[in-house]
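Asker: Residue numbers (our numbering), protein chains in the order written: chain A, 1 to 306; chain B, 1001 to 1666; chain C, 2001 to 2140; chain D, 3001 to 3191; chain E, 4001 to 4153.
No lab work stands behind these hints, which were simulated from the structure alone. Careful, some of the hints might be misleading.
[Claimed, not checked] Here are the simulated BS3-like cross-link-like pairs (lysine-lysine), alpha carbons at most 30 Å apart as the crow flies:
1. Lys1319(B) with Lys1512(B)
2. Lys93(A) with Lys203(A)
3. Lys1235(B) with Lys1301(B)
4. Lys1474(B) with Lys203(A)
5. Lys2042(C) with Lys2133(C)
6. Lys107(A) with Lys2073(C)
7. Lys2042(C) with Lys2073(C)
8. Lys2114(C) with Lys2042(C)
9. Lys93(A) with Lys3157(D)
10. Lys2042(C) with Lys4092(E)
11. Lys2038(C) with Lys93(A)
12. Lys2130(C) with Lys107(A)
13. Lys2073(C) with Lys93(A)
14. Lys2042(C) with Lys93(A)
15. Lys3100(D) with Lys69(A)
16. Lys3118(D) with Lys69(A)
17. Lys1283(B) with Lys1257(B)
18. Lys2070(C) with Lys2130(C)
19. Lys4033(E) with Lys4124(E)
Bear in mind the structure is a predicted one, so any value in this text is a computation, not a measurement.
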Amino acid sequence: MKAYAYFPGCSLEKMALSYHQSALECARRLDLEFQELDDWNCCGTTAYFAIDQLLSYTLSARNLALAEKKKLDMVTPCAGCYKNAYFTNVTLKRDADLAEHINEALKEDDLHYAGTNQVYHLLEVFCNDVGVQEIKKRVTQSLNSLRVAPYYGCQIVRPRKDHEEVENPRYFEDLIAATGATPVEYQLKMRCCGGSLLITSRKAAFSMARNLLQNAMDNGAAVIATACPMCQVNLECYQQQINQEFGARFSVPILYFTQLLGLALGASPKELGFGSELVSASAVLAQIRNKETSTTQSPYIRHATS
Amino acid sequence: MSEKVGVYICHCGANIAGVVDVAALSHWAGELPDVAVARDYKFMCSSLGQELIEKDIQELGLTRVVVAACSPHLHEATFRNCCKRAGLNPYLFEMASIREQVSWVTANKTVALEKSKALISGAVHRVIHNQALEPIIVDINPNVLVVGGGITGIQAALEIADAGYHVYLVEREPSIGGHMAQFDKTFPTLDCSACILTPKMFSAGTHPNITLLTWSEVEKVDGYVGNFTVKVRQKARKVNTELCTGCGICEQKCPKKVIDTVFEAGMGLRKAVYTPFPQAVPKYPVMDVQNCTFFQKGTCKACEKFCPTGAIDFKQEDKVVSFDVGNIILATGWDLFDCRRIPQYGYGRLANVYNSLEFERLSNAAGPTGGKVILRDGVTVPQSVGIIHCVGSRDKNYNPYCSAICCMQSLKFAHLVKEKTGAQVYNFYIDIRTPLKAYDEFYQHILETDETRFVRGKVAEVTDAARLPGEEGKLIIQVEDTLIGKQRRIPVDMVILSAGLEPRHDAKEVAKLFGIGCSADQWFIERHPKLDPVATMTEGVFVAGVCQGPKDIPLSVTQGAAAAARVIGLVNRKQVSLEPVRASVNAEQCSGCRICNNQCPFNAISFLVDKGVSEINPALCQGCGTCVAACPAGAITGSHYTNAQILSQIEGILEVELGQREAVPA
Amino acid sequence: MATPKKLLIIDDDPDFVDGIKTILRKAQYEVDVAYNPKDGFKALETGQYDLLLLDIMMGRGAEGIMVARKMRKDTRLREIPVLIITGIREQIAFLFPGEQVHPRFVAVDELVEKPIEPTLLLEKVEALLKEAKVKKAKAT
Amino acid sequence: MDTRPTFYQEITNMMYATHGDPISTCIQCGTCSGTCPVVEFMDHTPRDLIGMIRADLKDEVLASNTYWYCASCFHCNVRCPAHIDIADLMYTLKRYSIWKNQYPEGLIGPTFAETFVKMILSGGRSYEPVLAPAYIFNYGLQGFLNEALTATGLLLKGRIPVLPPRIKRLDNFRRMVGHIIPASNLVGEAK
Amino acid sequence: MSDNNQFEPVIVGFTCNWCSYRAADAAGMARIKYSPNVRLIRLMCSGRIDPQFVLKALSEGADGVLITGCHPGDCHYVEQNYKTLRRYALLKRTLRQMGLEDNRVRLVWASAAEGRILAEEIDKFVSDVRALGPLNWIKMATTTYVDPAPASA
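Based on the provided sequences and hints, a complete structural model is requested.
Answerer: What follows is the structure, encoded as structure tokens:
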């Protein structure tokens, strides 16, 4: 059983509790051991990173040091936490002066960052460490050609980490296909949903979210799968407001990919935190249950009345 | 026996003297043991500077000469000749590079002086152990190998053949002609590409001095300038060229159609037995065994049945031919940048996004649509077309260099699209670079007459995700129009990506095969970027055309001719002298351990079983010295790089340092 | 006074630097300036300075502290007195207005807040230089 | 060493540790602005802003809303043919304007940043309701009502915590932060 | 010597004639300033480097030795730099056995186009050797070297 240091991040404590629950449930069913970091703190978030990078690095470095203490690589389900932890790790490895400075601060909590562990996003662990083939083998409940739009968002793929494909990656699609669902091809899968502007510039955030929802709908998505709590909130909780703003009639469930993966691995909706959606996912669950009426056509295609 | 060394320190104008105190240096050098005279002079390489050295050799009886100046790669030959004129063996001369290694790279004058002293001291110590050597004179084989049958290689081959020497022209594809044969019109004159190329292809195919080896690749090159041995693999055509008349019946009768990804750039079909295009030279077809029904399924043989001369030969095998040449010209050309590497431009995913070669075929009257510019559906004439410049070029994510031809190509496309469809054309550019004769005039002409819209901005993405009214069913080009500072979404029917030029995918292996260098971008490295653009660091191997760096047809032809001129010059000399840097075995000391035997990549070392010692063939030895370092008995000597020379050079270099360090208290 | 004392300012704010540079030069000090921590540290390593005037908020955050801490670890730079002049209250002390800026986050010799009175600046500089001289005399 | 830095140099000085190539290598191709998903809300495109910085148009740059609208999606970063870390440039401009107290009125970025730091320091984790009052009034009544509706929805679904979260070793944590942001009140008595 | 009397190591560098010496030329042509501590000796190929050259240099007062050549696969003599690579590993072992820091010898590949890289590597090596401090080698008994007479043709 492979073990990881699991860093849920602030959002998963409450706002995205279902992500937390479903991530742990999937890990359990894939024989992965997720040991939650002891007394972790906020990663510094995207918004604050701009204002004081040294503090943001320090906040992430504390979490990295906690993971090092466990001698385990870190995995986090939150895309924002992932980006911050990953690039803090890269930066501190490259900049010995900065690492020393931050270690001086970490001493206050008896911690030390040495740069010995790796940082992964949950998707990477499932797609690379476990492997799509292995997941396919473990699927007990096919998702029945449910049309799922994989939404990569920003921070899992960008900034570029190495020479990986950043404009058209395929691993999320592969994972969705492994569950028996049909991955929806749509052009805006890598586009920003505007989540980080929700607080500072709502109008822009809504416009970006609308473009994204529209593009997924136009391509027949029945549900959008996300891997980031911020994207989930922006796309789901504000759907009503987006409808008002643009006179649209979106009503598309936005689920965490782990909720869909969990279903395919045989977990019950309750174990995966279903029930806290603001846009009901009951139609999705119904389609998975009902093998006979599987459709490839989205029941949700509705165009903006423009 | 004591030697009389002369030390000459060059100012190189201010290049050296501006940093190094040359007067102090020559004063110091004059005091060194064995140094009879030390002088400094403004330009040692000038005729006056050289006369100074010659005079000293003759009047002072110098037995060794050291010049401290620029890199030996620049002027070693100059000063060796100077010594020779004065009657001193040129190998009793040594050079210290105090420009490239000191004055140009050191800011601190004190340190620069110290470093110069160390290098000169090393050279003085070394030169005392130098031995008089005679250059090795070899005959030059007048035959020439030209690799690559594009316009550059054709030009080079014709020049040499016309001068009366024999040329082997090797081409990987079934026909010569290269990329130029695929083009429709050529910039800026709008000549039909085939019309100006075909006569040259024909001449090359029929010239009595040219042996054409198409569908062939060079496998091995041995030897050195004047005396290369080349092995070429002639892939089996499955067609007996002795019997074939090129009538084309086999191709007509062949039932198997294959997408032609080479000549037609994937836009058209060919047969399993084919000539890539009607004017192909040679006229003989080749059989594509991977796609031939007979080879795959065991039955068919339609070609054989209908061939009037019985030229089809299913049993024909690859043939390796071997021949000797004295010089080699590489004109291996380029590959097109793979536009799939930029997924956001949609190439390979969105049907009506074309790369530049695909458009050339589309627009070519002999191409798959008969020259009609239409969309992939085969009927629709586009009403709006976007041409994107710099695709894969000038971009650190792909190729940082400018591909040099794309601006001209894109302007040409704009004109052709307008002429053939009347569509609204948009050109998306970062900079328009039209520097040569009549190029900018063409740009001006397009601006004046064709109503092409020029949008300055590198396209961010091409998408079919409609967002605004009027975008449905179109390709939307999203770009910042940088001249107005606004993001624009421009819907078009067709997108042409003006893809950049890349080195051949196997350029590195080819460079290795011929013993030349590749730049970081993998273009072949010329001997000097300005003053020796077609020679390489390897004597007898020349480069021409795009394999050396992006360039257009006129420049490629110029280089092909230039390389030919260089080769003809060498061949006319009949002989060439080689550096006498060779290894030799002292049989008395050789223990016969055979450790050296497998050190030599040129198979110059053989073991004489009867004598129990190893021996080195000086004709094959290239002088690297690896065996010298490997010999446990010290029985091998590398001339001009002997242990004595190098060990004394080390001593000399460090003598200065020790003195200096003792002088400075710790 | 034989040779003038050599001071280095590391501060990214050209307006402020212009001000104190003029004041210090008028008082016969020799003054060099570096506008980012990297150039600043390079200057410290290559030149021989008698005193450093250091800003806090530079580059990615409170990098002045990094410079001070790194100096204190360097045997050759350890003895150089440091005067921190910070506008941190203006810059990020929206945190808890009215309270004191933490004076001892790293071993520095003195910290004053921007804007600084010319006389106070000269007093502090002089005092630090004097102190350093006494210390040096004791050490040898 | 003695010439006064221009605005452009001030910015490059602040970006001295950037992982990207310097903004002097920008070829003004507009890939960033063509890519940017928020560009329609910006008064200057990102490319334009780089041009303005290089022209030392300090007042115009600081008055621009461009860098406050940047969503940190890094799409421009991965496409930039000159390998400029454009998101980092936007961050730098945010810092510059906050440090110099020169951000335009009405933008809530700085207020948000301030609220965020205070929140982190009080509990070590982030807590959505604390953020809300900081910006909510900027949206007017309609916005307020909408926000309240969303918040109520989330509350009903149990997705908003009632009490702010706190890490266990908060004192250590605050002292740690005190090493990075030098403000005494964060850490109580310094050692 | 710099003002603050820091230790300036002396380093002997060996280059091949084809790649790394030309890299040094390229660094010069590009006017790239780098540490002046390295003195280069040109050989035809890095394969010519006899371990005794390195030991000689260290025993005569060098604090470090830099070995440079073409990149693996780019050797002008096909594959001789692989032999250099093997000898380099052996050489390091010998140095350790002699009680010397084996990082006083470094191997760097530089193509003719990589002047900047060579300069950077030289800077790095110089600062690393500077950190090691001076090499205090009790001068070995001077080895006499006699060249074998060239084989008669």
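Asker: Compare the structure with each hint and give your call.
Answerer: Comparing the hints with the structure gives:
Only pairs whose Cα atoms come within 30 Å are accepted, and lysine 1319(B) paired with lysine 1512(B) is accepted, the gap being roughly 23 Å. Restraint check: the Cα-Cα separation between lysine 93(A) and lysine 203(A) comes to about 39 Å, which exceeds 30 Å; the hinted pair is violated. A distance of roughly 20 Å separates the Cα atoms of lysine 1235(B) and lysine 1301(B); the hinted pair therefore holds under the 30 Å criterion. With a C-alpha separation of about 28 Å, the suggested pair lysine 1474(B) and lysine 203(A) falls inside the 30 Å cut-off, and the hint holds.
Note on lysine 2042(C) and lysine 2133(C): the hinted pairing holds, with a Cα-Cα distance of about 24 Å set against a maximum of 30 Å. For the hint linking lysine 107(A) to lysine 2073(C), the alpha-carbon distance of about 17 Å falls within 30 Å, and the restraint holds. For the given pair, lysine 2042(C) sits about 15 Å from lysine 2073(C) by alpha-carbon distance, which is consistent with the 30 Å threshold. The straight-line distance between the Cα atoms of lysine 2114(C) and lysine 2042(C) is roughly 25 Å, inside the 30 Å bound, and the hint therefore holds.
For the suggested pair lysine 93(A) and lysine 3157(D), the alpha carbons sit about 42 Å apart, so the restraint of at most 30 Å is broken. For the hint linking lysine 2042(C) to lysine 4092(E), the alpha-carbon distance of about 34 Å lies beyond 30 Å, and the restraint is violated. Taken as a hint, the lysine 2038(C) and lysine 93(A) pair is honoured in the structure, with Cα atoms around 18 Å apart against an allowance of 30 Å. The hinted pair formed by lysine 2130(C) and lysine 107(A) fails the criterion: a straight-line CA distance of about 34 Å is larger than 30 Å.
Of the pairs offered as hints, the one joining lysine 2073(C) and lysine 93(A) holds, with about 20 Å between alpha carbons and a cut-off of 30 Å not exceeded. Restraint check: the Cα-Cα separation between lysine 2042(C) and lysine 93(A) comes to about 21 Å, which is no more than 30 Å; the hinted pair holds. A C-alpha spacing of about 40 Å is found between lysine 3100(D) and lysine 69(A), which places the hinted pair above 30 Å, so the restraint is violated. About 28 Å separates the Cα atoms of lysine 3118(D) and lysine 69(A), which keeps this hinted pair within 30 Å; it holds.
Restraint check: the Cα-Cα separation between lysine 1283(B) and lysine 1257(B) comes to about 20 Å, which is no more than 30 Å; the hinted pair holds. Distance check on the hinted pair: lysine 2070(C) and lysine 2130(C) sit about 23 Å apart at the alpha-carbon level, within 30 Å; holds. For the proposed pair lysine 4033(E) and lysine 4124(E), the alpha carbon gap of about 13 Å is at most 30 Å, so the pair holds.
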